[in-house]
Amino acid sequence: MPHSFEDHCWQDIVSPDVLRIYEAYIRDTYIGSRPAILAIDLYNKAYRGGGRPVVNLLDKYPSACGENAWNAIEPTRQLLAVAREHSVPVIYTTQVERQQQGVRATSRAVDASHDDDFEIFAEFQPQNDDLVIGKERASAFFGTPLIAYLQKMNIDTVIVCGESTSGCVRASAVDAYSYGFHVVMAEEACFDRSVLSHKVNLFDLHHKYADVMHVEEVVAHFQSKEGWSCVEI
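So the sequence shown is numbered by our numbering: it starts at 647 and just counts up by one.
Incorrect hints may have been included.
[Stated by the list, open to error] Below 30 angstroms or equal to it, Euclidean Cα-Cα: the simulated DSS-like pairs (lysine-lysine) are:
1. K798 - K871
2. K871 - K854
3. K854 - K798
No lab work stands behind these hints, which were simulated from the structure alone.
Work the whole structure out from these sequences, hints included.
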């Protein structure tokens with residue numbers, strides 16, 4: 647059974663008055679004919695300390711997303727698995743840090759680092775056909791060749807997952823929309839250090855720039871297309 651337009655994680659924080667204000671944005675959601683997965687910053691640093699509450703990790707792992715990251719592991723696995731099953735391109739981003747030049751993705755203080763902080767988390771190791779793109783700012787598009795790859799593959803839809811919803815995920819989604827791509831946010835496969843920021847940003851993106859869809863909807867979309875495949879990188 648299809649979900650209603652507002653049947654998402656923000657239901658407990660958005661009032662009826664706000665929903666009334668945003669009624670003009672209600673529309674049918676969809677996935678285009680040539681999608682790609684854009685997995686934003688699924689790197690080790692976000693998972694440090696395990697699946698505990700974020701506030702309990704701050705002293706030792708101030709950049710960790712704690713239980714929010716770990717709760718997204720299984721939905722992300724499902725998303726990547728169905729994408730590969732149907733030859734949908736998978737593109738990862740990770741952070742490139744050149745701190746001596748003062749260029750970073752955000753303005754937050756830099757915490758102590760490990761050598762493998764920005765390697766993709768073991769649960770989601772890239773496969774041979776996947777792309778891994780390094781970036782220095784929040785958006786996956788800024789100063790990277792991402793747009794060239796997407797255009798070369800004739801991609802029309804970018805399905806976004808990863809972290810953080812309010813930061814690099816949002817920046818990448820807005821840029822994808824600005825470049826003319828249809829944008830789908832895989833709700834349960836996106837996460838943030840703050841649950842409030844996660845919900846508010848998904849609500850805002852859903853009504854302005856992207857279709858927020860449950861991972862189960864994305865999986866069902868691909869599985870309903872027997873023998874369907876997309877493109878190879």
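Is it true that the CA of K871 sits at most 30 angstroms from the CA of K854? 28 angstroms, holds
Are K854 and K798 close enough, with their CA atoms no more than 30 angstroms apart? 27 angstroms, holds
K798 and K871: Cα distance at most 30 angstroms? 24 angstroms, holds
Figure legend: structure checked against the earlier numbered hints; every hint is met.
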